[in-house]
Structures are given as C-alpha cells and as structure tokens.
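Asker: From first to last, the protein sequence lines stand for chains C and Z. According to the UniProt record's numbering, the residues represented by the first sequence are 1 to 281, in order. According to the UniProt record's numbering, the residues represented by the second sequence are 1 to 281, in order.
Check before you lean on any hint, since a few could be wrong.
You can't tell identical chains apart in this list, so a pair holds if it fits in one copy or across any two.
Unchecked claim - As a list, the in silico SDA-like pairs of lysine to any residue whose alpha-carbon atoms are at most 25 Å apart: (1) K250 with E264; (2) K164 with R9; (3) K250 with T145; (4) K164 with T87; (5) K164 with T105; (6) K250 with A221; (7) K164 with Q18; (8) K164 with A133; (9) K250 with E182; (10) K250 with P188; (11) K164 with A11.
Treat the hints as calculated values from the structure; they're not laboratory data. Just so we're clear, the structure is a prediction, and the values are computed from it rather than from any experiment.
Protein chains: 2
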Amino acid sequence: MTTDHNRLRHADLPTVRQAIRAGQYTAHTAGLGAGYLQANLAVLPSAYALDFMRFCQRNPKPCPLVGVSDTGNPMMTTMGRDIDIRTDVPAYNIYRDGQLARSVTDITDLWTDDMVAFALGCSFTFENALMQAGIPVWHIDNDTTVPMFRSSIDTVPAGPFWGKMVVSMRAVPNPRVDEVREISRRFPLAHGAPVHVGDPAAIGITDPGAPDWGDPAPIPADHVPVFWACGVTPQVALEAASPPLCITHKPGHMLITDIPEDAETPVLPQHTTQTRQPRRA
Amino acid sequence: MTTDHNRLRHADLPTVRQAIRAGQYTAHTAGLGAGYLQANLAVLPSAYALDFMRFCQRNPKPCPLVGVSDTGNPMMTTMGRDIDIRTDVPAYNIYRDGQLARSVTDITDLWTDDMVAFALGCSFTFENALMQAGIPVWHIDNDTTVPMFRSSIDTVPAGPFWGKMVVSMRAVPNPRVDEVREISRRFPLAHGAPVHVGDPAAIGITDPGAPDWGDPAPIPADHVPVFWACGVTPQVALEAASPPLCITHKPGHMLITDIPEDAETPVLPQHTTQTRQPRRA
C-alpha cells in the first residue's frame, strides 16, 4: 500500500516519518515535512569515515555536513529524537565497489557495527527561501528534477575521495540575480551562494540544455543561468573511492530531520542534557 | 630576538608568518594579519581524529571546524599556500594524558606520520566585525584577555570527547544587543550568535566578576552581559579524552591563515586545480 504524496503533503512530521518507516511511502520528499531540514545520506564503512569527513570539510558548498552517526549506531541522534537511518529514508541506492547495485526501501539487513552514516544539507532549504521571496523556481513549478551538470570545477581531494564538482542550474530573472545570491548565501548548510553566474562554458558546460542528471529546463529571455554546488558531488567522489559497500539516498528521496529549516546549527539543542547529564538527577 | 608586536601590527601577512616561523615572534596574535582568518589549533593522534571531528560537527558553535590536515602531513593545504603547522603558530601547549606538560614555540620534533591537525575558528573574526560597526569591545580596548567561564551547558559528546561548554562574556550596551546578535550570527565559523544573553546564573555562572579563564571585565550600567560559545571548550573536551599526546595553540597565540575573514568558506578556491589537474597540462 503506497501512501499518496498529496495526502502526506499536509501531514505533520511524525505522520510522514511513520509512513516512510513502515514502507508505505517510498517516493520523493519534495514539499513534505514543511519547515524541516532535509538531507542527503551517505553510509560508509568506518575505514572510509575520516577521509570522507575531510572531503566534506574541504568541499563545504557541495558537501555541507549536517550530521554524523556514531560508528555502528543507526540512530541519527543529533538531528532528531527518533531517526533510524535504516528505515527513515523512502528509498536507498546500494553501491558495491563504486557501482550502483540496486535500490531498496530499507537497509536494516545491510547495517553493521562498522557503519557510519553522514547527512548532508540539500537545496530544498534555499529553494524554499527563494520561493518565499517570490522568486519562481521553474523545475518545482513544472514538477521536474533540477538540471545537474558535471562541471570543470575540481573538488579538493581527501584520501580516495576526489572528482569534479556537480552543479545544479536555475534560471533567474536578470534583475533578481543579486537578491538570489544574497538569499542563498544565508544558507551555508544548503550549498550557500552560487558557484557561478552567467556563462555555462566558463565552468565546462557546453550545452545547458542537456544536463548530465535531472531534466532540461529553459533559460528564458531576460533570465540568467545560475549554478549552485550540488549534493550529487559526493556521489561522484564516492564512486571514485569505490568502497566495497556504500549506501546513499535515492536522489530526491531525502532524510527528513527534526531540525527547523531556519535553525542556526543542525544540532538539536537539549539532546544530550537528557541522556548524559540529567538536570533533575 | 623578539620582534615587537607593534611593529608586526602593520606588517603584511608573509612578514608576520616568517617572523613566527623563525621563532622571532612568540607572543599573542590579536590585531596581526588584519583581515585574515585566525584559528585555534588541536593536533591529535589519528586514532582520535574521527571522534574529534564528530565532536566538532556536533558542537559547531564552540568548535567551528575550519581546516583538517591529511594524516601525517603538517602542511595545512586548504587554508594557505605555505602553512606549516609545526612552526607557524607563535606558541603551543603540549598535553600528555590530558595534562598540560609544557609550552613550546615549535613542534617539529613532536610531529609524526600519525598526527592530524585541526583548525577551529575563533572570536577575533566577529570581534573585528563588532568594532567595525562601532560597538566597543572592552577587553580589547583595555588590552586584557576576554573573561571565560565554565557554563552549565552540556556539549554533545562524541566518543571520549565531552564536557561543559566554555563561554566568553562581553558587556554590550542595552540598545545594541539585537544588532550584536545579528552581526555575530553572520559568522558561523567564528562561534556565531550568542548562546545566552542577560542572566549569568541561567547558564551556571554564579559570579560574572570571577572568570575561570582570562581577566575580569566590568558590566557597566545600561549594559547587558552577552555570552558566546568559546574556543576553550575543545580544550576541556580534550582533557576529558586524555589522549597520550595532544598539542594545542597557547591561548591567544593563534594560527594566522591565508583565508580572508569575510570568505564564504574557509577553503582556498583554486588550490588543488594546480596540484591535481593542471589546466595547462
């Protein structure tokens, strides 16, 4: 039984999470859990964890780290009171030796004591802010996937992780480009300010009408193509590193957290006060 | 021969770094290398690195991670073209099993292939922004050290790293508190917005005139005590973890980086383009 996206669109966060956890909802999460931070997921064997964290630290625009699990603990304790990384993402991609092997809706049987889960911020956050400022986002209005391109911009490598930066493109009305830059810069945990404005060729994109991932989107007259660092970048770096096993979310099928989208940090404030140092002990 | 602080105050960044590297300047770095990001330092054996990175990720206000070295590589490549962590900090504290053993001005003989260096953002950045907005910072005007307190706020633990948050206090004129909050929030890599405004007792500080570190500072009439997460916090967590060896900067004696203070990210942009993928190869 699949729960309908339109019905969950107006549901509260616990209802959405429960539907995902029960396997009743396995589709994309755009527009769900309104107001809460959504995140990309990467699960790796612990031997790769330090280098992957360094890769994220060195490439904060494509890979804004918002949460890291303890080794072997599937509960994402800093991002929610009850987030189980094995069940709370609608769909997962399983990579073996850097190659996509299959997609699943539950990774309970794959999780081991040696796993570390990483959550990375995603573009939903700044897209919501743009729309609230009255700036149209074409791919959302037209229910398509944002166009994404492998750019000529190098990431900063860390251990086995390296590769070109993947960028997403949104066409912005000419007079609003500065405003868009300013708004998105306010969200460093959601890719921040654009990495390039104006000339696709300057960052190695020969045909802006033919994206490497996602759907094509028009660049109307009096609009400028604006490029942001994209959360597909770590996927490219993970393919380069080719760990024996790696699990990511299926694109668009994100982890929905308990963190308000406008929180200053992606960490629940009173979390460990309760578990480690009870105030009323 | 010690180079005078006043002389270096007006020197350019390479001159300052060279004086520090040569051991000619071993004092505090406040006001030096104007416009460039300064950072706290922690050097740890690699077995502690993943947990310490998790601790920083979970406590981004006291521990804003701005750089991490490769294991065994003393060059802080993402933060400067020529930063050698063994020589480019004016003074270091050496901890053995969590206890301060001694202070030195060079750690070349202590660095091994197993070390990882971490750089964390510091308050100099937002203090400069406050002063530029015409908000006086008493301890700077009076050439003392900011008062710091062990608060009752718990950090979020990671592995062996845990402890109370250390906070620094600055008295702010009543009508400017909101402005101060707004300005400092703009610097997430320099402790961000205050963690508390107004009542010292609310965060476990019984006597705001008796700081645990630094010098006392007055709270004049019509001023409000404002508390920020402080970079001494990781030192407390490092003492709790008690690694066999740990090296930090000596408080106030910071690493001066090549990163402009107003950069969006603490990573030099074109860095690896040159070393890994030469454009003109």
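Asker: Go through the copies and call it for K250 and P188: within, between, both or neither, with a Cα cutoff of 25 Å.
Answerer: Only inside one copy: K250 and P188 sit 23 Å apart there, 30 Å across copies, limit 25 Å.
Asker: How do K164 and Q18 come out at 25 Å by Cα distance, when the copy is not named: within, between, both, or neither?
Answerer: The answer is neither: 37 Å in one copy and 35 Å across copies each exceed 25 Å.
Asker: Could you figure out if K250 and E264 sit no more than 25 Å apart (CA to CA) within one copy, between two copies, both or neither?
Answerer: neither (27 Å within a copy, 29 Å between copies)
Asker: Given a CA cutoff of 25 Å, do K164 and T105 count as a within-copy pair, a between-copy pair, both, or neither?
Answerer: Neither. Shortest intra-copy (29 Å) and inter-copy (39 Å) distances fail the 25 Å Cα cut-off.
Asker: If the cut is 25 Å between Cα atoms, do K250 and E182 qualify within a copy, between copies, both or neither?
Answerer: Neither. Shortest intra-copy (30 Å) and inter-copy (37 Å) distances fail the 25 Å Cα cut-off.
Asker: At most 25 Å between CA atoms: does that hold for K164 and T87 within a copy, between copies, both, or neither?
Answerer: Intra 31 Å, inter 33 Å, cutoff 25 Å: neither.
Asker: When no copy is specified for K164 and R9, does a C-alpha distance of 25 Å or less occur within a copy, between copies, both, or neither?
Answerer: Cα proximity of K164 and R9: none, with 35 Å in one copy and 40 Å across.
Asker: Within, between, both or neither: how does the pair K164, A133 come out at a Cα-Cα threshold of 25 Å?
Answerer: Neither. Shortest intra-copy (31 Å) and inter-copy (40 Å) distances fail the 25 Å Cα cut-off.
Asker: Checking an output row: K250 and A221, CA cutoff 25 Å. Within, between, both or neither?
Answerer: neither (34 Å within a copy, 57 Å between copies)
Asker: My question is about K250 and T145: at a cut-off of 25 Å on alpha-carbon distance, are they close within one copy, between copies, both, or neither?
Answerer: For K250 and T145, the Cα distance is within 25 Å only inside one copy (13 Å; across copies 51 Å).
Asker: Give the relationship of K164 and A11 under a CA distance limit of 25 Å: within one copy only, between copies only, both, or neither.
Answerer: neither (38 Å within a copy, 38 Å between copies)
Hints 1, 2, 4, 5, 6, 7, 8, 9, 11 from the earlier list are contradicted by this structure; the remaining hints agree with it.
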